[in-house]
Amino acid sequence: MTPIAGDAVMTRPSAGALGLATIPFAAMCFSVALWDRVQPMVLGLFWLTLWIVLTPCCMWGVYRLESARNRARDHDS
Amino acid sequence: MTPAAAALTVMAAIVAVGTAVGFLAGARRRMDLEQWSVGGRGFGTVLVFLLMAGEVYTTFAFLGVSGWAYSRGGPALYALAYLTLAYVMAFFFLPPLWEVGRRHGMQTQPDFFSTVYRKPYLAGFVCVVGILAFVPYLQLQLAGIGIIVSVASFGHIGRITAMSVGTLLVVAFVFAHGVRAVASVSVVKDFLMLLVAIVIGVGIPLAHFGGIGAMFAALARTRPAHLVMPGATTNLGHSWYISTVILTSCGFYMWPHAFAATFTAKSADTLRRNAVVLPIYSLTLALMFFAGFAVVLILPNLREGDLGLLTVAAQTFPPWFLGVIGGAGALTAMVPAAILLLTAATLFAKNLYRPLFAPGMSDDGVARLARAMVIVLGATSLGLAIHGASTLVSLLLTGYAMVTQCFPGVVLGLYWGRVTGTGVFIGMAVGVLIAVLLMSTHLDPLVGLNAGFVALCINFAVTIAASLATRTDAAVTLPGLT
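Chains as they are written, first to last, in our numbering: chain A, 19 to 95; chain B, -17 to 464.
The following block holds chain A by itself, in its conformation from the complex (with noise of 0.2 angstroms):
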């Protein structure tokens, strides 16, 4: 049996990326104690709708800092 050679795809994500990611999780997910109640106006509704839009923009730092990174690295090799 033979490895898969020559698969150089990508290098793990770097923390800072990582970090930035697990934002929406922590906002969406993990926090629904804190959010899930009626008042005010059934906030946890609200919530997740602004999330929505903010994940985006959590998302476009990740692809900044990604994109940056894989740059380096192409001009590197």
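For the record, the hints were derived by calculation from the structure and aren't laboratory data. Errors might be hidden in some of the hints.
Some chain B residues judged to face chain A by a derived CB distance under 8 angstroms, without partners named [unchecked claim]: (1) A257; (2) V258; (3) V259; (4) L420.
In this text the structure is predicted, and so the values were computed from the model without any measurement. Even glycine gets a Cβ: it sits at the ideal position worked out from N, Cα and C.
Since the structure of chain A is provided, determine the placement of chain B on it from the hints.
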């Protein structure tokens, strides 16, 4: 013109236009297997966006979400979170997956498993799990067509007739033009769906309560418990929410069709850009929540929650607009159904039948068999949809519990050099078995956790332990990843 005739005419016209676009789409291209199944691997950001959006915003988003917001209340919020977070996950593992796929000419999910792990039985198993998980998902779409058309025709067209005609149209355009047809119909469908979501989500609260704020004020006064978890259920609380969001956001790209859509992209960067932008699309889901919650106040005693949105729409809007809703809704069910059929048929022919029964089969032979399977699978799922009875969201969650069991094999295969094919197979088999056992014995949720999530955790643990125990047949490293 009677209201039913007006609604039906508009609806039929929309479905006809959508279907025609599908037929025209690939008309000038030769349909070999690569073109039929992954569009020649040449889709840019826009087409991939449409294809991926086309597969996500299904009957589930259209009727299922509002249905659950109506019948379950708070727990339905999981849908908003998972559809956003799934793209956060996708940002990290789709680009490397695409890269591996391009290098090895992968078209399907089992292709990935057979290339990375070199275990034909593992690829076969993944294939079977994928096809089985599709059953409830396809059933969801067809049941949706039945509901939409029968309500929008004021009961003049029965559900069974509607489901049959819908299935026939889907089978026809998939049969003829494969994935390009599907991506093109998505354009029509997405535009209509957006329009309809805005009109419904804003219009229903406005017409019945004078505004969205007024509606929520009324709800908070009369049904406050419905707006938070566990809502109208007894056991779907916060731990269920967290476990379900994790399960479904991990599982989102484990659906064989979503997995395969990755390979249609022109570059890895196409996928990254899509992952950044796609969450915005989930905003339409929030509008469906407005509508679902409105129905709670307007028609509090419906027997079937999935019918709520359309029943209220029929009372609120003129018949021709009900026709627009029906047409958009029917396409919203037909496009994903087409993708599911296309994928399941390709999986069966290419990854199950050929390796097991006809190793010498040519690619053209596989393409012919896949097309024949489109018909067989279409008929089978139609039969199941006619006899099944379950809420649309429950059907989807059943599929998720199964299909997410592929997740450890994919992520560990991309990022962990020590994982072995044997380990993945054992972990996955245990995961699928536990998920099926818990769900069939009504132990879902188990101690407050989604049964599929429990199975996924055990799957991960078993995969890692079994991989370490079977290190001798390792050699699945993808250098550069670790």
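A quick look at each hint next to the structure:
1. At its closest, the beta carbon of A257 of chain B sits 6 angstroms from a beta carbon of chain A; the interface hint therefore holds under the 8 angstroms criterion.
2. Interface hint at V258 of chain B: satisfied, since its Cβ lies 4 angstroms from the closest Cβ of chain A, which is below the 8 angstroms cut-off.
3. Contact between V259 of chain B and chain A, as hinted, is supported at the beta carbon level, the nearest pair being about 6 angstroms apart and thus within 8 angstroms.
4. At its closest, the beta carbon of L420 of chain B sits 22 angstroms from a beta carbon of chain A; the interface hint therefore is violated under the 8 angstroms criterion.
Violated hints amount to a single one, hint 4; each of the other numbered hints is respected by the structure.
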